[in-house]
Amino acid sequence: MDIVRGLILLAVLSSMAACATGTKYQWGTYNTDLYKYYSHSITQEELARRLQIAIQRCEADGKIVPPGLYAEYGYLLYEAGQYEEAVQFFQKENDKWPESRPLMAKMIRNCKTKTSPDQGSKSSKIEAAGQEGLNPASKTVLPAYLVVLKSANIREKATTNCRIVASAKKGDQIQKIDESGAWCKVKLASGKTGWISKGLVKEAVQTSPEAGAKDVHPESKDKEPQR
Amino acid sequence: MRKLVGLSLALVVVALAGCATTGHKNYEAFKAADPHSILIVPVVNRTTNVDAPDYFLSTVTIPLAEKGYYVFPVNLVKRSLEDDGLSDADMVHSASTAKLCGLFGSDSVLYVSIERWDARWALLSTTVTVGLSYAIKDCKTEQVIWEQKETMVYTPQGSNSGNVLGDLIADVVTAAIAKAAPNYMPLAIQANARAFQPAGTGIPAGPYHGLYKKDGYY
Numbered sequence: 024m025d026i027v028r029g030l031i032l033l034a035v036l037s038s039m040a041a042c043a044t045g046t047k048y049q050w051g052t053y054n055t056d057l058y059k060y061y062s063h064s065i066t067q068e069e070l071a072r073r074l075q076i077a078i079q080r081c082e083a084d085g086k087i088v089p090p091g092l093y094a095e096y097g098y099l100l101y102e103a104g105q106y107e108e109a110v111q112f113f114q115k116e117n118d119k120w121p122e123s124r125p126l127m128a129k130m131i132r133n134c135k136t137k138t139s140p141d142q143g144s145k146s147s148k149i150e151a152a153g154q155e156g157l158n159p160a161s162k163t164v165l166p167a168y169l170v171v172l173k174s175a176n177i178r179e180k181a182t183t184n185c186r187i188v189a190s191a192k193k194g195d196q197i198q199k200i201d202e203s204g205a206w207c208k209v210k211l212a213s214g215k216t217g218w219i220s221k222g223l224v225k226e227a228v229q230t231s232p233e234a235g236a237k238d239v240h241p242e243s244k245d246k247e248p249q250r
Numbered sequence: 018m019r020k021l022v023g024l025s026l027a028l029v030v031v032a033l034a035g036c037a038t039t040g041h042k043n044y045e046a047f048k049a050a051d052p053h054s055i056l057i058v059p060v061v062n063r064t065t066n067v068d069a070p071d072y073f074l075s076t077v078t079i080p081l082a083e084k085g086y087y088v089f090p091v092n093l094v095k096r097s098l099e100d101d102g103l104s105d106a107d108m109v110h111s112a113s114t115a116k117l118c119g120l121f122g123s124d125s126v127l128y129v130s131i132e133r134w135d136a137r138w139a140l141l142s143t144t145v146t147v148g149l150s151y152a153i154k155d156c157k158t159e160q161v162i163w164e165q166k167e168t169m170v171y172t173p174q175g176s177n178s179g180n181v182l183g184d185l186i187a188d189v190v191t192a193a194i195a196k197a198a199p200n201y202m203p204l205a206i207q208a209n210a211r212a213f214q215p216a217g218t219g220i221p222a223g224p225y226h227g228l229y230k231k232d233g234y235y
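Chains as they are written, first to last, in my numbering: chain A, 24 to 250; chain B, 18 to 235.
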């Protein structure tokens, strides 16, 4: 057993000595978290939380936050609709890494555009982030509903190569918000949006739109406490 | 036990081989470009494994940043390109390098293609293979300033313990584990190390590295 232990130790040591020159930066679990996110074992929210922790640890230890980390975290905040917080992190990346400045200037501009009310309604990301309040137009249009014919994946973009963002069960009623080719963009009861293949849905017969709307339209619930 | 010894030995050999130098490249173009930042664009997939490009993407930032370069945030870049209608990696790779550089303000672009990302299962041995080709292009000249190909193969060592049935069962178990979830990531990480690190064929230290312009390339 000692031989095995020795060899394993030697393997570990030589792999460290052979190539690595020690790590310059304190990465935390950035690479494995990104992998877990891409393999759907953690959510985008969890990825953001872990990035936040990695950044805080570096800052607390007085270490340089590795290139790109502020910006990655800022982008997740941006996607979650937290534009003001996102700007802070794009700014930090900008200040620390001069190479990032042209891109960070763009990202900060994007955030500012999103927070100005005129531009808000154009963004699909705002809907994805569940901030329907910024999109008054969507409430005045009578929503169209689809019935799911068999269990289906809802994808990020109109292709089967894209990430699955949610799934729908047979018989679910979902709101249709757009269409493109063989795909429909839909919004689920959870507020999530994504694309579903047209072959898996049919138009809902709108005999009692209210019944459908109550189940799948999160705004109606969100509004109640305000009244 | 014999299996463990074999496996450990194999690890030692792989680890040592990691830094073997294999001939020298011409670094004139690289030195002329003197990149400070690297934009890693979405990875082209020449395999049937649809998850490979995203998985691989998570492995590239750290070794390049540790080499002393500013590496653009890979997830931000990927998502921004998707929002601009460039969700297809082949499309990104065939787009003009200068245009990509302009979008992000980078000095150079790393293009990676995945050539192999597969596991072949057999009763007695399973082979997991990761094959990658890398190219860095300079933004100003749009020329390739560095390129490398790496193929990493992992075969659990099927040593004989004399107990035929025991070996057979052990191998079947190993194959089954690999089949459930072949672990490509260590191979991808090793391929990156072999591509970027070795003196003479790797990537010269960048401006945030202590050996910038002192590691024999300049």
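Treat the hints as calculated values from the structure; they're not laboratory data.
Note that this is a predicted model, so its numbers are computed, not measured.
Among the hints, a few may not be true.
Capping the alpha-carbon separation at 30 Å, the derived lysine-lysine pairs in DSSO-like fashion look like this [as the list claims (entries may be wrong)]:
(1) B:K166 - A:K129
(2) A:K135 - B:K231
(3) B:K230 - A:K59
(4) B:K166 - B:K116
(5) A:K129 - A:K173
(6) A:K86 - B:K166
(7) B:K116 - A:K119
(8) B:K230 - B:K157
Pulled from the structure, derived: some chain B residues nowhere near chain A, Cβ distances all over 10 Å [to be verified]:
(9) A82
(10) L93
(11) S113
(12) K116
(13) R133
(14) R137
(15) K157
(16) E164
(17) K166
(18) E167
(19) M202
(20) H226
The beta-carbon is built from N, C-alpha and C at its ideal position, and this holds for glycine as well.
Verification of the hints:
no. : hint            : result
1   : B:K166 - A:K129 : violated (34 Å)
2   : A:K135 - B:K231 : violated (43 Å)
3   : B:K230 - A:K59  : violated (36 Å)
4   : B:K166 - B:K116 : holds (26 Å)
5   : A:K129 - A:K173 : violated (42 Å)
6   : A:K86 - B:K166  : violated (34 Å)
7   : B:K116 - A:K119 : holds (25 Å)
8   : B:K230 - B:K157 : holds (20 Å)
9   : A82             : violated (5 Å)
10  : L93             : violated (4 Å)
11  : S113            : holds (17 Å)
12  : K116            : holds (14 Å)
13  : R133            : holds (19 Å)
14  : R137            : holds (22 Å)
15  : K157            : holds (15 Å)
16  : E164            : holds (20 Å)
17  : K166            : holds (18 Å)
18  : E167            : holds (13 Å)
19  : M202            : violated (7 Å)
20  : H226            : violated (7 Å)
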